[in-house]
Amino acid sequence: MKLKSIVFSAAVLAAGLSAAISTPALAQAKEQFFPVLVYRTGAYAPNGVPFANGYVDYLKYVNAKGGINGVKVTFEECETGYATDKGVECYERLKGKGATLFQPLSTGITFALTEKAPGDKIPLITSGYGRADTADGLAFKWNFPLLGTYWTGADILIQYLAKKEGGFDKLKGKKIALVYHDSPYGKEPISALQERSKLHGFELSLLPVAHPGVEQKATWLQIRQNRPDFVFLWGWGVMNSAALKEAVATGFPRDKMYGVWWSGAEPDVKDVGAAAKGYTALAMQHGAEPNAKITQDILKDVHGKGQGTGPKDEVGQVLYMRGLIASMMGVEGVKRAQERFGKGKVMTGEQVRWGLENLNLDQKKLDALGFAGVMRPVSTSCADHLGSSWARLHTWDGAKWNFQPDWYQADDAILKPLVRASADKYLAEKKLSRRAPADCQS
Amino acid sequence: MLYRENGQFKTTYRTDQQIFPIAQDRYLVLALVAAAFLVVPFVASEYLFRAILIPFLILSLAAIGLNILVGYCGQISLGTGGFMAVGAYMAYNFFVRIEGMPVVPAILLGGLCATVVGVLFGIPSLRIKGMYLAVATLAAQFFTDWAFLRIKWFTNDSSSGSVSVSGLSMLGWTIETPADKYLFCLGFVVVFALLAKNLVRSHIGREWMAMRDMDVAASVIGIRPVYAKLTAFAVSSFIVGVAGGLWGFVYLGSWEPAAFSIDRSFQLLFMVIIGGLGSIMGSFFGAAFIVILPIVLDQLPGWLGIPLDTALTSHLTFMIFGALIVFFLIAEPHGLARLWSVGKEKMRLWPFPH
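Protein chains in written order, with my numbering: chain C, 1 to 442; chain G, 1001 to 1354.
No wet-lab data here; the hints were simulated from the structure. For clarity, every value in this text was computed on a predicted model and none was experimentally measured. We treat Cβ as the ideally placed atom computed from N, Cα and C, and that holds for glycine. A portion of the hints provided could be inaccurate.
Claimed, not checked - Looking from chain G toward chain C, a few residues come up when the C-beta cut is under 8 Å (computed): (1) V1033; (2) E1046; (3) N1093; (4) V1096; (5) S1160.
As the list claims (entries may be wrong) - Straight-line alpha carbon distances no greater than 30 Å define the calculated DSSO-like cross-link-like pairs of lysine-lysine that follow: (6) K97(C) x K343(C); (7) K293(C) x K245(C); (8) K1152(G) x K172(C); (9) K1344(G) x K217(C); (10) K1197(G) x K198(C); (11) K300(C) x K72(C); (12) K1346(G) x K416(C); (13) K431(C) x K1152(G); (14) K60(C) x K416(C); (15) K312(C) x K345(C); (16) K425(C) x K97(C); (17) K174(C) x K1197(G); (18) K425(C) x K1129(G); (19) K430(C) x K1152(G); (20) K416(C) x K65(C); (21) K175(C) x K1346(G).
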């Protein structure tokens, strides 16, 4: 009996599996399919959830407004749990459904997908994460680190610091400790920071924190012993709040701590509250935007109709907005592609890639989309897949994030050669060559 | 009725000692392997290849390797992920640093490096046993994690610590399409499974099993513990290292040490326990259970057309998966392989059970 039931359930499972495999999973007519890789569970969920909600809410908003020139947007979520192998499985699963583009929200998954995307002809948007050298569009045809990479982020942090201290020469002899997530994500900024440290003569010490970053006692003991002048925080998920708590415990001044844009959102400081006051983090272009027009529109057209993905008070928060913007960039890529390949048609991954490469979001378009004041114009080209290297910073006042007044732009004179060298090394290792100018027309 | 060995007379030692003494078994397995080589590449979809079959094959190979150590020799190891990492990273180094290095020798050399590391970490097994050994092998896991994160030489000075491989080819055959990659992995798995099966049936395998069952008695009858245990570590880490190389080269293409974290070690140990300790067949069952079931469970609501929240689905997957592990271990503590052989026994008597 027991055996029979086991055999029976196995048979049911096998039948289900074969049924699923034989179902043709093609995109239906007039539907643009957006695969959504999310992590709503696991150690990074507190940060992954608002991003995913923003991402999906914008897609719903596009549909509420009549789709992309009449093409309805469909989407499907797949849970990656921030794990590379699970991300690859999700990619393969959703790819077959006519994927427009992928945004994995994980540097590790980005590395793995960078190898697969060219073969599958699907563009990857890695807005504010992923490989920094993919800004070189001539080497990485399918990657779009729109709005910022870790190198531009690191560069801007140093610029901000110099301005605050009164000039780059004031950085000489200073000690900066980089507390980073011990993964490709955390290691990416190191080469850009080292370049700057050679230039200005500050001392950079590297303090890795193992996944998931709850245990940081040893790291902060080192900080207590070495007494760095500044701490850069390159964390994600629970690691950020743990770092801030440790800073409180060791008495390291929070206003000498600077975070990357993934370390500067509400979930990171919420638990620490007033004790995190003075902590400054990069904001990319946007921060918390409760008053932006797009936020109000989402509240009205998506949440107002009971279609909201997450809780209402999350709309307009930092990570929610980042998901929203990431989603918007993807949709605008499709829109741009439609301008060339036919309005109101479903775009293939290849066509969307062209759209992303020729993105031109000027102030007028941004205003029309409701992103006035949220971000600056973005325009990409064949050689430049970054689009814009501007960013600002925001400081936690104990209850909310407030912007620092100035915008900063990463210094191309320093980063360009780095990007170029790194991209060349990648190409040499893979025995690939740069794209020919003729390829830019396609 | 259909499945019994009546009339199959064995007249030589050779026929009596073959892997599948019953003709039906033999034909079934041969047909299965033939189908895997000749039919599957033409009918399977890309998703099936890349997301299910390739990881299943590679992790089966790793499970076979671990089963030799845990199931046949009785040495519990939690360092499997570490040995896989050694295989993958060293294969990468051979592949990238030596001009014109073909893939297969690179992966095999990676496996050899894993052997060396495995034997090194196997030395404590001569003095410590059981749970204590598990803790000692945990050191292998943490050591390799540390080495590949910190020592830049291993990652060819990559700034992010992530390495990638592409442009695989073998004797003029470029391994590019999913079907190619599947066949490449399948080749490795078939060869190594056959080698492993024959090894455990040989005198070395019998020494391992004697060590597992009672090491004092084994040494009394003249089995050298040093030799038996260290060969088990060597063979096991070699196979695990090759699986690690395939995991990096073929499945991921680009990886970081997190791909071979402690979670991987536990996952493989669960495969071996659920599949059946001391059974090559069980390694395949275990890998299938652990690799495929969560994917199926995860997608089930979608297939049935039940709109479920992504987070809820993934929580449910964990819960049902956990419950199924408990269920199978209660129903058959000796693993799925034992269920399989019980099923075969019943088949022999069918339709007249007594």
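Each hint, compared with the structure:
1. Interface restraint check for V1033(G): the shortest CB-CB distance to chain C comes to about 19 Å, outside 8 Å, so the restraint is violated.
2. For E1046(G), the suggested interface contact is upheld, since its CB lies about 7 Å from the closest CB of chain C, less than 8 Å.
3. Nearest Cβ of chain C to the Cβ of N1093(G): about 12 Å, over the 8 Å cut. The hint is violated.
4. At a threshold of 8 Å, the smallest CB-CB gap from V1096(G) to chain C is about 7 Å, leaving the interface hint in force.
5. Annotation: interface hint on S1160(G) holds; nearest CB of chain C at approximately 4 Å, less than 8 Å.
6. Only pairs whose Cα atoms come within 30 Å are accepted, and K97(C) paired with K343(C) is accepted, the gap being roughly 22 Å.
7. Pair hint K293(C) plus K245(C) does not hold up; C-alpha atoms about 35 Å apart against a cutoff of 30 Å.
8. Our distance criterion of 30 Å between C-alpha atoms is met by K1152(G) and K172(C), whose separation comes to about 28 Å.
9. Proposed proximity of K1344(G) and K217(C) is contradicted: the alpha carbons are some 56 Å apart, above 30 Å.
10. Of the supplied pair hints, the one linking K1197(G) and K198(C) is violated, its CA atoms being roughly 58 Å apart against a limit of 30 Å.
11. Note on K300(C) and K72(C): the hinted pairing holds, with a Cα-Cα distance of about 20 Å set against a maximum of 30 Å.
12. Note on K1346(G) and K416(C): the hinted pairing is violated, with a Cα-Cα distance of about 71 Å set against a maximum of 30 Å.
13. For the hint pairing K431(C) with K1152(G), the CA-to-CA distance comes to about 22 Å; that is within 30 Å, so the pair holds.
14. Taken as a hint, the K60(C) and K416(C) pair is broken in the structure, with Cα atoms around 38 Å apart against an allowance of 30 Å.
15. Our distance criterion of 30 Å between C-alpha atoms is broken by K312(C) and K345(C), whose separation comes to about 33 Å.
16. Restraint check for K425(C) and K97(C): not satisfied, since their Cα atoms lie roughly 34 Å apart, outside the 30 Å limit.
17. The hinted pair formed by K174(C) and K1197(G) fails the criterion: a straight-line CA distance of about 62 Å is larger than 30 Å.
18. This hinted pair does not check out: K425(C) and K1129(G) have alpha carbons roughly 47 Å apart, beyond 30 Å.
19. For the suggested pair K430(C) and K1152(G), the alpha carbons sit about 19 Å apart, so the restraint of at most 30 Å is met.
20. Between K416(C) and K65(C) the alpha-carbon distance is near 40 Å, which puts this suggested pair outside the 30 Å criterion.
21. For the suggested pair K175(C) and K1346(G), the alpha carbons sit about 73 Å apart, so the restraint of at most 30 Å is broken.
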